[in-house]
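Participant: Based on these hints, arrange chain B on the given structure of chain A.
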Amino acid sequence: MSENITIRLNGKQVTVPAGTSVAASMLASGEPCRTSVTGEARGPLCGMGICFECRVTINGNRHSRGCQVQCEAGMDISCDD
Amino acid sequence: MVVGGGPAGIAAASVAARGGASVALLDDNPGLGGQIWRGQDRVSRSATTASWFEEINRSNVNWICPAQVFHVETGRLLAESPEETQEILFEKLILATGARERFLPFCGWTLGNVLGAGGLQALLKSGLEVRGKRIAIAGTGPLLLAVAACVREHGGEVVCIAEQTTHIKFATFGMSMLLAPGKFRETLRLGWELKGVPHWRNCWPVAALGKERVERVRLSHGGRIKEIACDYFACGFHLIPNTELAEYLGCTIQEGFVVVDEQQQTSVPGIYAAGEPTGIGGLELALIEGQIAGQAAAGKTVVHQKLLKARAASQIAVRAMEKAFALRAELRNMADADTLVCRCEDVSFERLRGHVSWREAKLQTRCGMGPCQGKLCGPATEFLFGWDADSLRPPLFPVRCSSLAAIFVNTDPGARKGGTQ
Numbered sequence: 331m332s333e334n335i336t337i338r339l340n341g342k343q344v345t346v347p348a349g350t351s352v353a354a355s356m357l358a359s360g361e362p363c364r365t366s367v368t369g370e371a372r373g374p375l376c377g378m379g380i381c382f383e384c385r386v387t388i389n390g391n392r393h394s395r396g397c398q399v400q401c402e403a404g405m406d407i408s409c410d411d
Numbered sequence: 576m577v578v579g580g581g582p583a584g585i586a587a588a589s590v591a592a593r594g595g596a597s598v599a600l601l602d603d604n605p606g607l608g609g610q611i612w613r614g615q616d617r618v619s620r621s622a623t624t625a626s627w628f629e630e631i632n633r634s635n636v637n638w639i640c641p642a643q644v645f646h647v648e649t650g651r652l653l654a655e656s657p658e659e660t661q662e663i664l665f666e667k668l669i670l671a672t673g674a675r676e677r678f679l680p681f682c683g684w685t686l687g688n689v690l691g692a693g694g695l696q697a698l699l700k701s702g703l704e705v706r707g708k709r710i711a712i713a714g715t716g717p718l719l720l721a722v723a724a725c726v727r728e729h730g731g732e733v734v735c736i737a738e739q740t741t742h743i744k745f746a747t748f749g750m751s752m753l754l755a756p757g758k759f760r761e762t763l764r765l766g767w768e769l770k771g772v773p774h775w776r777n778c779w780p781v782a783a784l785g786k787e788r789v790e791r792v793r794l795s796h797g798g799r800i801k802e803i804a805c806d807y808f809a810c811g812f813h814l815i816p817n818t819e820l821a822e823y824l825g826c827t828i829q830e831g832f833v834v835v836d837e838q839q840q841t842s843v844p845g846i847y848a849a850g851e852p853t854g855i856g857g858l859e860l861a862l863i864e865g866q867i868a869g870q871a872a873a874g875k876t877v878v879h880q881k882l883l884k885a886r887a888a889s890q891i892a893v894r895a896m897e898k899a900f901a902l903r904a905e906l907r908n909m910a911d912a913d914t915l916v917c918r919c920e921d922v923s924f925e926r927l928r929g930h931v932s933w934r935e936a937k938l939q940t941r942c943g944m945g946p947c948q949g950k951l952c953g954p955a956t957e958f959l960f961g962w963d964a965d966s967l968r969p970p971l972f973p974v975r976c977s978s979l980a981a982i983f984v985n986t987d988p989g990a991r992k993g994g995t996q
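Chains as they are written, first to last, in the working numbering: chain A, 331 to 411; chain B, 576 to 996.
Hints are not guaranteed to be accurate.
What the hints assert, rightly or not - Stretch-level coverage of chain A by chain B, calculated; a stretch enters the list once three of its residues show a Cβ under 8 Å from a Cβ in chain B:
#1 363–375
#2 395–403
What the hints assert, rightly or not - Derived contacts from chain A toward chain B, CB cut-off under 10 Å, selection only:
#3 V346
#4 P347
#5 S351
#6 A353
#7 A358
#8 G360
#9 G379
#10 I380
#11 C381
#12 E383
#13 R385
#14 N391
None of these hints come from the bench; they were simulated from the model.
Here the structure is a predicted model, which is why all the values come from computation and not from measurement.
Just so you know, even glycine gets a beta-carbon here, dropped at the ideal spot from N, CA and C.
Pulled out of the complex, with its shape left as it was, chain A reads as follows:
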């Protein structure tokens, strides 16, 4: 995990070590992953693909579980609704 890559999180450029999961990068940068049905901001909870709290839109694909996807250079990640 030495090499760094640049991704976009909710429109902001962020640099993370290669191999970082999308959920870990969202959490570390303080960005929420999704908005709940009553409007609360939510972030990762279970870290292992069960809870669906970290679902985000990755390169236009909605409802992707951030904890199950590794960041790739140039990836565009935004809050899911």
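Facilitator: Positioned in the frame of chain A, the structure of chain B alone reads:
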């Protein structure tokens, strides 16, 4: 066919392949290893771990990840990967589906930076940076200690470990570890690594406080209330096995665990289970059960006596652990009226109170009907209200419409053959 690429699944697939079977292994994570071996590179692997990875890489096991199994029936299962939906036909099936954390709702648990204990560990292994951050850990079970050690390894500061069980029960757990040599060494190692970390018994969360993210946690400790400042709050109440696929297939489940015989075979012939689904036993037991299941599924019915003995010893420790970390009744009061119990559909404790069953609550409030399909709130409401979350239906996870349609399509003769044994 093996479902689950953690230690039990890797051992089962490797041993079955060694026995001459044609084996496929599916896992929903980006790589093999499961939760415990998640994100370990070649350098950080222990000798045991490295040898299992070597064996599976050398074997003819066809492993596919990420592939999420969402449906299974006799002789056939369906899995979704990012690009396609796969139908795999099998003769024998080994379920090594692992466990997930039990979450119990408390005030403020939906705030940012409030995570599961195992959840935090999984995220640390997936690159979460915690250097210089203050982390409070709460809940129950030996996992809390492992998580605390993992936080320190990653440069974070563990401000407290709040364990809900009593001093006596915790001490009994420590004694029982003497019976399982591997676990005893592990316990000693954790004790050494966590020197100086406040470790409280009779202590549980009352609330997570903060604006957008958690800033402080309020804990009940021996009848007094205390507040601790933190940047992350990791809270988990031991583990519950993932038994859904076994339930789909009609395997007998007792007290939440899949019932297996000496060969790790479930009540359904040809279906085996290994690792956490048969009892929360940790790494050593998972590897043993995986090997036994792999041998049996490959047609080798005489199981090595050494494996059977090791399994019996580990199972004693498992039962001791269940007793030591049983949930105390006070944990039912951690949620107040407004606390959300179902995080997918935002259903509060108040709205659930008064219903008589899981089914009624679902119909009236949508509790358990969101994307997690009750995997979080099912166990929570079982503890809070005594409901049995009994309405399990495929798909196991939300899937694309095309995948959903595949459940009802007649078996394609050209479908991929996964395992012939």
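Participant: If a hint holds in the structure, say so; if it doesn't, say that too.
Facilitator: Hints and how they fare:
Residues of the region 363–375 of chain A lying with their CB closer than 8 Å to a CB of chain B number 9, which satisfies the three-residue condition for coverage. Using a Cβ-Cβ cut-off of 8 Å, 4 residues of the region 395–403 of chain A lie near chain B, which meets the minimum of three, so the contact claim holds. For V346(A), the interface hint holds, the least distance from its beta-carbon to any beta-carbon of chain B being 7 Å, beneath 10 Å. A cut of 10 Å between beta carbons decides the hint on P347(A): the least distance to chain B is about 6 Å, and the hint holds.
Checking S351(A) against chain B by beta carbon gives a least distance of about 4 Å; that is within 10 Å, so the hint holds. The interface hint given for A353(A) holds, since its Cβ lies 6 Å from the closest Cβ of chain B, which is under the 10 Å cut-off. The interface hint given for A358(A) holds, since its Cβ lies 5 Å from the closest Cβ of chain B, which is under the 10 Å cut-off. A least Cβ separation of about 7 Å between G360(A) and chain B falls short of the 10 Å threshold, and the interface hint therefore holds.
Interface hint status for G379(A): upheld, as the beta-carbon distance to the closest one in chain B is roughly 6 Å, under 10 Å. Given hint, I380(A) at the interface with chain B, holds; its Cβ is 5 Å from that chain's nearest Cβ, closer than 10 Å. At about 5 Å, the closest approach between the beta carbon of C381(A) and any beta carbon in chain B falls short of 10 Å, and the interface hint on this residue holds. The criterion of a C-beta within 10 Å of any C-beta in chain B is met by E383(A), whose closest approach is roughly 6 Å, and the hint holds.
Given the 10 Å rule on beta carbons, the hint for R385(A) holds: about 7 Å separates it from the nearest Cβ of chain B. Residue-level restraint check for N391(A) holds (minimum Cβ-Cβ distance to chain B is 8 Å; threshold 10 Å).
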